[in-house]
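Full structure from sequences and hints, please.
Now for the letters of each chain:
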Amino acid sequence: MDFSLSKEQQLIQRAAQEYAEKFIEPISQQIDEENQVPDEILKGLGELDMFGIPYDDEYGGAGAGYASYVLAMEQIGKASSGVAMIISAHTLGLGAINAFGTEEQKKKYMTKGCKGEHIVSFAFTEPGTGSDPKQITTTAVREGDYFILNGTKRFISNAGFPGPVVVFARETENGKISAFIVEKFCEGYSVSEPWKKGGMHGGPLLDIYLKDVKVPAENMLAPSGMGYQVLQFGISFGKVGVCSTALGGVLAAMEESFKYAREKTHRDAPIAKFQAVQLKLAQIAELYEACKWMTYRLGWLADRVKDPVQFAKDAALTKDYVCQQLVEITSLAVSVHGSYGLMRDYKVERLWRDSIVGLQIEGVSDMQKMIVAGVMLGSK
Amino acid sequence: MNIVVAMKQIPDLQQIRIRNRQPLFDDVPLTLGTIDKNALEAAVVLKEADESIKVTVLSAGNEEVEDTIKEALAAGADEAFLILDDALEGADSAAIAAVLAAAIKQMDGVDLILFGEGSGDNYSGQVGSRVAELLNLPQVGYVSSMEIKGGQAVVTRTLEDCDEVMEIALPGIISVMAGLNEPRIPSVTQILKAGKKPKEVLELDEVDVDIKKLAFTETISNLAPESNRKKIVVKSVDELLQGLRSENLIGR
Ligand SMILES: Cc1cc2nc3c(=O)[nH]c(=O)nc-3n(C[C@H](O)[C@H](O)[C@H](O)COP(=O)(O)OP(=O)(O)OC[C@H]3O[C@@H](n4cnc5c(N)ncnc54)[C@H](O)[C@@H]3O)c2cc1C
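One line per chain: the protein sequences are A and B, in this order. Residues in the first sequence are numbered consecutively from 1, following my numbering. Residues in the second sequence are numbered consecutively from 1001, following my numbering.
Please note that a few of the clues may not be correct.
[To be verified] Ranges of calculated distance between the beta carbons of each label pair, as one might list FRET restraints:
no.: 1; chain 1: B; residue 1: Ser1246; chain 2: A; residue 2: Leu279; range: 19 to 29 Å
no.: 2; chain 1: B; residue 1: Glu1200; chain 2: A; residue 2: Lys273; range: 52 to 62 Å
no.: 3; chain 1: B; residue 1: Val1237; chain 2: A; residue 2: Tyr209; range: 56 to 66 Å
Just so you know, these hints were derived from the structure itself, not from any lab. Built from N, CA and C at the ideal position, the CB exists for glycine as well.
See the structure below:
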């Protein structure tokens, strides 16, 4: 067993850290307040290949695998969960195309995505369903060499950026769910205003309206009726990004707490002198360590998936655990800060608001547990 | 045109912890000198403007340099020339300069050799000048900007109270200052390509150098001077101003 990082991994981690500290951290409060990530930031991250870390260079990727993706995302997420969320949701969509796309689809739709010139989306949720894929109502009607898509997709990350979106719809011909690669802003594609969400500001969330969107039949992702598999397997890879983003939040909360405990004084000595504060700091440190190694391991596993079902279980339990701990840790971090921790002037206030989001996305916490138990009991 | 950039392996200073006023080096990742990175960036900028330029990074040190040097190759160096020997670990500026000078003699057609003004750890600031002496080459230091024009380098030296513009014949040696540029952050692709770039690795006995002893000087400790804080507590801004005035720290 080897827990050390290769030189390349260290350098990737440092590159992301340097970029995040120099360019993202100084405007992270602005991103939070304006709920918008400046284009230069996305461009800069694209130039460093941060939009295509895991994928083969054949498709424009950097070829560094998910293990390195995790290291970079932790650093980006530490500075701004909104920025990390853009990359995470993008990688969810791109990962599905990578896993299920034909050679032509990958060449056509991944190259610009890996360079960050396109930002990819993955559209499953609808106003009527989030956790239950069987309830999908978006329809795909076959007309010769095309499918005609109609429906509404809710809470879709990155829906307002140009690039491909993987859309899940029910084929009227056979009643089965299939996945399609749709080019955003094609004829019949429109979006809502961005949702004003509670945390992870900057990561844009919009509804998508599909009105008679004409999709070439060759844009079907995986064979007809495989939509559920694309969703489950794709989302397992997506969870690697959700965990890493959450891990960045954990790291930030830990650093902020230690810093504050050393700086804030009570009767001329830092509050770190109090055992009660030390216990909180120690708990945060313990949980960070657990979250870190679970997330790093998930990245490592994602690079060598043999059994998709087992991987789905590992992704579900890691995502659920790390996202739960993020809520716990940011709340401990606020306690270390006292009332100051509730003020916008302190980073932990934002970390705390951001923390609740992870549990609700890419499958709510309860659904993750159902996957874990289901796989382990052998019923799935 | 061949540019050689000499870079020193140092511990990542941001990750060193201090215990009992002694630095702890265990598990501290290795990196390259901060000003050396400015020197490399300067070379890579020249190369981007002129494709005929080749940038070789030169380093002498222990076996770990072979891994550490990937950082320079990721940041734009074309190839590496390394003299690796664990015996070089505690070598002083004189010995390192002798090794580097001998290595440069073994390289083909070197036109410009760049150094950082001082290393990131000890900052003796001697190596560039010593190599110039050993190779009998012209040298300028404290360079804050430079360009190549008609076969020579035109540089600006930033001194305490003036900027001096100089021409230097090539081959020559330039030591640069930190403010010269902002070293780039390497992309993930560049990082992964770094390990595949050409590398020439020599052992100490493969360079033509005769050093009697690797270190005639030894750094015993390297600490910030102890400062005594006055720990004066003030109750108002007025009192603070008064205090600062009485110490002559602000004007009256
Ligand atoms: C920041 C953010 C980004 C998002 N990005 C995307 C995106 O890019 N693409 C996308 O498609 N969606 C996206 N979503 C939507 C998100 O994935 C869904 O909201 C999520 O899957 C939950 O669905 P829901 O809100 O409909 O909740 P519901 O499914 O209605 O669940 C509500 C509650 O009911 C319980 N529940 C539901 N079904 C069951 C069951 N079968 N058994 C037991 N309990 C159950 C759950 O435990 C949960 O507590 C995003 C959401 C957010 C907040």
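Which of the listed hints are not met by the structure?
-> Number 1 - this is the single hint that the structure violates.
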